[in-house]
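Trainee: With chain A fixed as given, assemble chains B and C onto it according to the hints.
Chains as they are written, first to last, in numbering that gives the first Met the number 0: chain A, 0 to 126; chain B, 0 to 446; chain C, 0 to 479.
Check each hint, because a few of them may be wrong.
Said to hold, decoys possible - Derived lysine-lysine pairs resembling DSSO-like cross-links, with alpha carbons at most 30 angstroms apart: (1) Lys-46(B) <-> Lys-417(C); (2) Lys-44(A) <-> Lys-427(B); (3) Lys-455(C) <-> Lys-389(C); (4) Lys-430(C) <-> Lys-36(B); (5) Lys-228(B) <-> Lys-30(C); (6) Lys-362(B) <-> Lys-348(B); (7) Lys-61(A) <-> Lys-197(C); (8) Lys-470(C) <-> Lys-95(A); (9) Lys-374(B) <-> Lys-30(C); (10) Lys-82(C) <-> Lys-56(C); (11) Lys-286(B) <-> Lys-95(A); (12) Lys-84(A) <-> Lys-470(C); (13) Lys-50(A) <-> Lys-319(B); (14) Lys-319(B) <-> Lys-301(C); (15) Lys-470(C) <-> Lys-61(A); (16) Lys-166(B) <-> Lys-455(C); (17) Lys-455(C) <-> Lys-349(B); (18) Lys-403(C) <-> Lys-365(C); (19) Lys-44(A) <-> Lys-281(B); (20) Lys-56(C) <-> Lys-61(A); (21) Lys-385(C) <-> Lys-15(B); (22) Lys-319(B) <-> Lys-197(C); (23) Lys-190(C) <-> Lys-11(B); (24) Lys-349(B) <-> Lys-365(C); (25) Lys-349(B) <-> Lys-402(B); (26) Lys-29(B) <-> Lys-365(C); (27) Lys-417(C) <-> Lys-61(A); (28) Lys-197(C) <-> Lys-123(A); (29) Lys-362(B) <-> Lys-19(C); (30) Lys-342(C) <-> Lys-29(B); (31) Lys-301(C) <-> Lys-166(B); (32) Lys-282(B) <-> Lys-228(B); (33) Lys-56(C) <-> Lys-364(B).
Please keep in mind that the hints were generated in silico from the structure rather than gathered at the bench. Note that the structure is a prediction, hence the values are computed from the model and not measured.
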Amino acid sequence: MVPQELKYTKEHEWVRVENGEAVIGITDHAQSELGDITFVELPQKDTEIKKTEALSTIESVKAASEVYAPLSGKITEVNEMLNEKPEIINESPYTKGWICRIHTADISEVNTLLSATDYEIYLKENE
Amino acid sequence: MNYIPQSDADRKEMLKAIGISSGDINELFKGIPESLKASSFDLPAGKSEFEVEKYIKQLAKKNASELITFVGGGFYDHYIPAAIDSIVSRSEFYTAYTPYQPEASQGTLQAIYEYQSAICRLTGMEASNASLYDGGTALYEAAMMAIRVTGRNKIIMDGGVNPIYRKMLYSYTTNLSIEFIETPVTHGQSNRGEIEKYLDDKTAAVILQNPNFFGAIDDHTDIVDVCHKFGALVVESVYPISLGVLKSPGEMGIDIATGEGQSLGIPLSFGGPYLGFMAVKKKFVRKMPGRIVGITHDDELRRGFVLTLQTREQHIRREKATSNICSNEALCALRALIYMCLIGKDGLKKVAQLCMDKCEYAKQKLETIKGVEVKRSSPTFNEFIIRLPKNPNEIIGKLIEKKIAAGFPLGRYYKEMDCYMLVAVTEKRTKQEIALFAEALEDALWN
Amino acid sequence: MELIFEKSRPGRIGVVFPEKDVPVTCVLETKYKRNATAELPSVSEPEVVRHFTKLSKMNFGVDSNFYPLGSCTMKYNPKFTEKIAQIEDFTALHPLSPQLVRGSMLTQGALEIISNLEGALCEITGMDAFTTQPMAGAHGELAGVMLIAAYHKQKGNNKKCILIPDSGHGTNPASAAIAGYIVKSIPSDAKGVMDLNKFKHALNDDVAGVMLTCPNTLGIFNPHIKEITDLTHSSGGLMYYDGANLNAILGKVRPGDLGFDVVHINLHKTFATPHGGGGPGAGPVGVKKELIPFLPVPRVIKRNDGTFALDFEEELSIGYISPFYGNFGVMLKAYAYILVLGKQGLIDVSENAVLNANYLKYYLSKYYDVPYGENCLHEFVLSGEKQAKKGVHAIDIAKALIDKGIHPPTVYFPLIVKEAMMIEPTETESKETLDEFISVMAEISRLAEETPEIFKTFPKTTPVGRLDEVKAARDMNISG
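Chain A with its partners taken away, still in its complex shape:
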């Protein structure tokens, strides 16, 4: 079961709207595919990013995976906790393991992303 209130991408990112901004993370499926996460390369605060551009790289011992921006906008905050404890993403992918916040011109753009139901169907199809 994936959290119903979030939006998703086919690249396994999730988005939560909070105070008019988008909070970004990776899904439980993505973290379990990667295994024990050893490092998260966080984006730079205050930089502009375009939708589908690489936002961050997440590394485990034997793999590295890019996180793509689900929306365009300006990065307003990054989760500094991940520098010290990247394993938070394994432990709590949807809450404590968030990666960054993006301020976007039109927050309604999130509605173009996958709903929880659609993402679950997508996961099943690609099992």
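Mentor: Then chains B and C, alone, in the frame of chain A:
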């Protein structure tokens, strides 16, 4: 064939066992279309080891390897303790593969960890990789790393950097959009004014060398400070033996230190195999190329060593890797480690001081010769330039007849320096050999 | 075991230098001097020798263990060639000597060896010229891609992409990318070779070259190879041959005959020079006539009078890729090896390497899946999927082998096979060693059926058990 165990009978038996009753080994190659078979394979018949040894030794005698050498140029005739050859001849080291299976490779892995530690201690840097091919490719990798770290693409390169290394950097980057600027040296040292003139917020790195190709030593601390104000990194190529006495890259605040490790117990061997080393500030380690060994433990908390941070490397990251390097110079790195252990901290200071003292003695002897000018505009380590009143090529030729390799003619790489020769003196050169060199030089110039 | 630094005691030293014989002491200005001493260990020679001898005993090596590591060609390294590489008239030779006036005459022997080796490699591969400069396989790949780029540049072509099958070594895409190309990966077909239709679809005017290993990492010779090289040429691209698997085809097939324009070979694989725990190797590059002008400088040339010299003419050359002439010490060993084996010896190498691989494949396929088993040459890939269903993965099988004194195969590569175990026995293993390996692998397969849980405890016989790689990556203790 003595390296292949199987006899004809073994082969027949094996072929039969796997269902090739004809006993024709060519059946195993039936997946290769007939039309594609080799059109020629015209090689001589094999010979016994004895015959081959005799032949190769005949060829070896055609080399003039018994010269008393004052040629350096970044590659030096230092003493190599016998224990190094003895240890690296252990087949458990030299016949092993890259330590991808850590439990079966703790020897190699611990040795690499110790090598990384020794390189850090030598350079005063925080993190070293397991080795690169040579000093030149290490400098190229450092430039590429600086570009990755800064996201910029302009490189300022000091004219005192080994000209062969500079040529290598240009070759490797021909097809990439990198802007190179070369700044000339002034009085033998890095030209601060010129470097600052070109330094801006598009500069990825300034590349320096200490001692530089002319043997001159420098303190690059001030250049580092200015570069960091612009967010540019500083790369310095260093000569490891000199670090027994000279200010280390770490002490100057250098971001990426590289160098040629040949002087650490590796024979000159006509150009290789050598050893490229690279050591960086810890914050840049994930952008560093090459293998890295780290400490960890097993379930019973026994200390052990593994290859780590492998997501930087080609076998995982493929086209996004920090470098394409796979095989490195592991056995040469082991040689360098053993050298650094044997020589120890006291020995390193001693050999460095010996080099400097003998070099100064050579300067004093040579400058008594009429017409020979020893350049003293900047201090040197174990190599210096002299100006000759006659064409250095001619002089070098005459000295070779007396079994002395006098030095390297700088005109070869610096057009305006046709009358200059680069002279290197290591701890192996004796007072007597230096005197012989001075005498022969005087003789060649004036008799 | 203690680190060498932990054995350091003040006042000890492992090498003695002669007393100073010159009457001067050079004093540097403080700003040039080192403040903090380089804290190298203070240890005596016997302590150093014992330390490293102990370390060596914690290693597997070809002299002590069967080492069927796929695509790495871990064959026996003849002791004779090691002896040749020690000859002092070579080891003491300064690389700048031939750049002095009339200097080539000081190094005739060394230059002749490079020239002769280049000639032998041309005949072995069917190429027109070789450079010995690249210092490893991946370095050869980079040099080769740079040659392709230089060729297109001179023709005025603006081609941006290199095609590589998905079974290729990781170095291929990495080399192409750092030379400035965009890499496109082509999937494999059901038989394990590059999918011909998908290749045709991807091939267009933008393709500068195609990089292939043949036989590929599954040990399979692509029967359509000539069609691929012809198609690539007709669209204006060049063919690059990754020679990592040359040990399979000596005297049988030559990349030059197949239409390849650039090849690199690994002297530390096919030509029996040791791997050294990860290097040094050597990756000479061969080219067809059209590419000769672009080869790196300096080139070794033979003069009309039979002497040898260096040519530094840079006109069309890609320039300098090595400080000098390559890993000469490695070349010496490979050259001696080629002379000892000769024509028939080299053919025997490939025939026996292929026989040994097929013998293993035949017996091991009784216990393990072989997804691409047809026409394998010098190596083949087992899949541990059957065992994985019991919870025993390729890595567990690898660790079980270590306890049996056998170095594991290459695991989890190529990426197109699940639970891959890539096996290359080489020609230097006896039938008895192969039989022993088969019985060990059979035993492991039985254990996987009956007691899969015990695999997590392997290896037990090594100085350390399975190590925590996650901790290593998170803590990053990489120097002490």
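Trainee: Indicate, hint by hint, whether the structure satisfies it.
Mentor: Each hint, compared with the structure:
1. Lys-46(B) <-> Lys-417(C): violated, 45 angstroms
2. Lys-44(A) <-> Lys-427(B): Roughly 56 angstroms separates the two Cα atoms, so the pair is violated.
3. Lys-455(C) <-> Lys-389(C): At roughly 12 angstroms apart (the allowed maximum being 30 angstroms), Lys-389(C) and Lys-455(C) satisfy the hint.
4. Lys-430(C) <-> Lys-36(B): holds, 28 angstroms
5. Lys-228(B) <-> Lys-30(C): holds, 22 angstroms
6. Lys-362(B) <-> Lys-348(B): The given pair, whose Cα atoms are some 21 angstroms apart, holds under the 30 angstroms limit.
7. Lys-61(A) <-> Lys-197(C): holds, 29 angstroms
8. Lys-470(C) <-> Lys-95(A): holds, 21 angstroms
9. Lys-374(B) <-> Lys-30(C): holds, 21 angstroms
10. Lys-82(C) <-> Lys-56(C): Status holds; Cα separation ~23 angstroms.
11. Lys-286(B) <-> Lys-95(A): The hint holds at about 27 angstroms.
12. Lys-84(A) <-> Lys-470(C): Answer holds: Lys-84(A) to Lys-470(C) is near 12 angstroms, not above 30 angstroms.
13. Lys-50(A) <-> Lys-319(B): Answer holds: Lys-50(A) to Lys-319(B) is near 21 angstroms, not above 30 angstroms.
14. Lys-319(B) <-> Lys-301(C): At roughly 42 angstroms apart (the allowed maximum being 30 angstroms), Lys-301(C) and Lys-319(B) break the hint.
15. Lys-470(C) <-> Lys-61(A): Holds, because 13 angstroms separates the two Cα atoms, which is no more than 30 angstroms.
16. Lys-166(B) <-> Lys-455(C): Judged against 30 angstroms, a Cα distance of about 52 angstroms means the pair is violated.
17. Lys-455(C) <-> Lys-349(B): With Cα atoms ~52 angstroms apart, Lys-455(C) and Lys-349(B) exceed 30 angstroms; violated.
18. Lys-403(C) <-> Lys-365(C): Distance ~20 angstroms between Lys-403(C) and Lys-365(C) Cα, so the pair holds.
19. Lys-44(A) <-> Lys-281(B): It holds: about 22 angstroms lies between the C-alpha atoms, which stays within 30 angstroms.
20. Lys-56(C) <-> Lys-61(A): holds, 28 angstroms
21. Lys-385(C) <-> Lys-15(B): holds, 28 angstroms
22. Lys-319(B) <-> Lys-197(C): Holds. Lys-319(B) to Lys-197(C) sits at ~23 angstroms (cutoff 30 angstroms).
23. Lys-190(C) <-> Lys-11(B): Since the Cα atoms of Lys-190(C) and Lys-11(B) sit roughly 29 angstroms apart, the hinted pair holds (cutoff 30 angstroms).
24. Lys-349(B) <-> Lys-365(C): violated, 64 angstroms
25. Lys-349(B) <-> Lys-402(B): Roughly 28 angstroms separates the two Cα atoms, so the pair holds.
26. Lys-29(B) <-> Lys-365(C): holds, 23 angstroms
27. Lys-417(C) <-> Lys-61(A): The hint holds at about 15 angstroms.
28. Lys-197(C) <-> Lys-123(A): holds, 27 angstroms
29. Lys-362(B) <-> Lys-19(C): holds, 16 angstroms
30. Lys-342(C) <-> Lys-29(B): holds, 21 angstroms
31. Lys-301(C) <-> Lys-166(B): Between Lys-301(C) and Lys-166(B) the Cα gap is close to 25 angstroms, so the pair holds against 30 angstroms.
32. Lys-282(B) <-> Lys-228(B): holds, 18 angstroms
33. Lys-56(C) <-> Lys-364(B): Given that 30 angstroms is the threshold and the Cα spacing comes to 51 angstroms, the pair is violated.
In this structure, the earlier hints numbered 1, 2, 14, 16, 17, 24, 33 are contradicted, and the remaining ones agree with it.
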